[in-house]
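**Student:** Chains as they are written, first to last, in the numbering used here: chain A, 72 to 210; chain B, 7 to 299.
All clues given are correct.
Okay, the calculated beta carbon distance ranges per label pair:
| id | chain 1 | residue 1 | chain 2 | residue 2 | range |
| --- | --- | --- | --- | --- | --- |
| 1 | A | E183 | B | D44 | 28 to 36 Å |
| 2 | B | I27 | A | E89 | 49 to 57 Å |
| 3 | B | P202 | A | R116 | 22 to 30 Å |
| 4 | A | E173 | B | P220 | 28 to 36 Å |
| 5 | A | G103 | B | V152 | 35 to 43 Å |
| 6 | B | R50 | A | G107 | 23 to 31 Å |
| 7 | A | T180 | B | G265 | 50 to 58 Å |
| 8 | A | E181 | B | D114 | 34 to 42 Å |
| 9 | B | S84 | A | R123 | 48 to 56 Å |
| 10 | A | E183 | B | P220 | 18 to 26 Å |
Just so you know, these hints were derived from the structure itself, not from any lab.
In this text, all values refer to a predicted model and were calculated from it rather than measured experimentally.
Even for Gly, the Cβ is constructed at its ideal location relative to N, Cα and C.
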Amino acid sequence: MPLTLDVITPERTVLSEEVDFVSARALEGELGVLPGHAPLFTSLRSDVVVARKGADEMVLAVMGGFLEVAPGRVTVLTPAAERAEDIDKLRAEEARKRAELEIDRTRTTEGEAALARALIRLRAVEVLGGRRLKLRPQA
Amino acid sequence: MPLNTKEIRRRIRSVQSTQKITKAMEMVAAAKVRRAQDRVTASRPYADRIQAMYGEVSRGLSGGEARHPLLATRPVKSVLLVLLTSDKGLCGGYNANVIRFLVHRIRDYKAKGVQAKVLVVGTKGVNFFKHASFEVVGRIQNLPQVPTFTEASVLVEEGQRLFETGEVDAVELVYTRFQSMVRYEPVALPLLPAAPAKDSGSARNVGPVMLFEPDAETMLSEILPAYLKTMVYQALLDASASELANRMMAMGAASKNAGEMISHLTLVYNKARQAGITQEILEVVGGAEALKG
Numbered sequence: 072m073p074l075t076l077d078v079i080t081p082e083r084t085v086l087s088e089e090v091d092f093v094s095a096r097a098l099e100g101e102l103g104v105l106p107g108h109a110p111l112f113t114s115l116r117s118d119v120v121v122a123r124k125g126a127d128e129m130v131l132a133v134m135g136g137f138l139e140v141a142p143g144r145v146t147v148l149t150p151a152a153e154r155a156e157d158i159d160k161l162r163a164e165e166a167r168k169r170a171e172l173e174i175d176r177t178r179t180t181e182g183e184a185a186l187a188r189a190l191i192r193l194r195a196v197e198v199l200g201g202r203r204l205k206l207r208p209q210a
Numbered sequence: 007m008p009l010n011t012k013e014i015r016r017r018i019r020s021v022q023s024t025q026k027i028t029k030a031m032e033m034v035a036a037a038k039v040r041r042a043q044d045r046v047t048a049s050r051p052y053a054d055r056i057q058a059m060y061g062e063v064s065r066g067l068s069g070g071e072a073r074h075p076l077l078a079t080r081p082v083k084s085v086l087l088v089l090l091t092s093d094k095g096l097c098g099g100y101n102a103n104v105i106r107f108l109v110h111r112i113r114d115y116k117a118k119g120v121q122a123k124v125l126v127v128g129t130k131g132v133n134f135f136k137h138a139s140f141e142v143v144g145r146i147q148n149l150p151q152v153p154t155f156t157e158a159s160v161l162v163e164e165g166q167r168l169f170e171t172g173e174v175d176a177v178e179l180v181y182t183r184f185q186s187m188v189r190y191e192p193v194a195l196p197l198l199p200a201a202p203a204k205d206s207g208s209a210r211n212v213g214p215v216m217l218f219e220p221d222a223e224t225m226l227s228e229i230l231p232a233y234l235k236t237m238v239y240q241a242l243l244d245a246s247a248s249e250l251a252n253r254m255m256a257m258g259a260a261s262k263n264a265g266e267m268i269s270h271l272t273l274v275y276n277k278a279r280q281a282g283i284t285q286e287i288l289e290v291v292g293g294a295e296a297l298k299g
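Bound conformation, chain A alone:
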């Protein structure tokens, strides 16, 4: 019995796919969901959500939000989410630098929020890259 993973933001549905396993970081630590998981509702920390289907991996940067597990279905509700392969690493890097400058200059929470977002996006790219390397056959 596979799981359907939906990643929904207020603006659009980012992902809706059948998967075998979902892992995310909840309020109280790492959380893995396999088919048959009990219905659950929890808050997510801003971090990377990884879904696995066979040998395929999907990596998403998720900015907080909620995770709902229902029979046969996992729903991630988040203000913003992006698939790792859609993230432009250079732009994320720039965003990080800009946010760091902003923090130095103004010391506002806005800068910190921007930095946190940039770091998660970079992490998503890294995680995706790391998994890709592992999966690649030896040359």
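Please build the complex by placing chain B on the supplied structure of chain A, with the hints as guidance.
**Tutor:** Only chain B this time, still in chain A's reference frame:
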């Protein structure tokens, strides 16, 4: 005495160029309103899930201990009205209607002895309140044309702050609800104190009991703000779709009027031209007759 032909030609040209502008604005608004409607549709899955989860969490709490500060009903002595207007004009009665609605609402509250405070969003609303004697607690202008969740968050946080500090006992959102391309009406949406979740009924009751991590109470305070933000976000989308639909209608009417004006002026112009020619013929004939005579 008809206007002279040169004058009329100039009027026609001026009306024609105005019509070009209104036509272009109409088409731009039509394209944008379609996209705005798509956004309204795209926001629905999120809103539905959030609402359903709010219901689940409320059910998970065994009632009694669920006294979240945002759910606290107090005797209403003062109310915050958040007004959504547009930054730009040329959109028919859009702003006038929603402002009139708000003013009536403030009067009704005053009659009941409730003090009304206003948080204005949009340049048009801000300009109105420059000359009106109402208590304005905040002004927000120049939001992005396409509303995002961030703006909704800002509005909710501000309302939440005033509500939690006890400065107001209720928060309402006054905006224009988009019903169809030709129907939009001002409405007041109560935000705070947050309405208890509607029990959507039997659909999920058969399933196993839902777990909440860490517990239902924590999840309630997590989901309540998200629920409010979603409602405000949808209101922002509705307001922007209404504004664009209004603009499209207003500019359509303006283009039509310009067309009528042009055909009327053309008629007047032709009459004046004819009259001129007749006059000239008469003069020539008259002159010839006089010479013969």
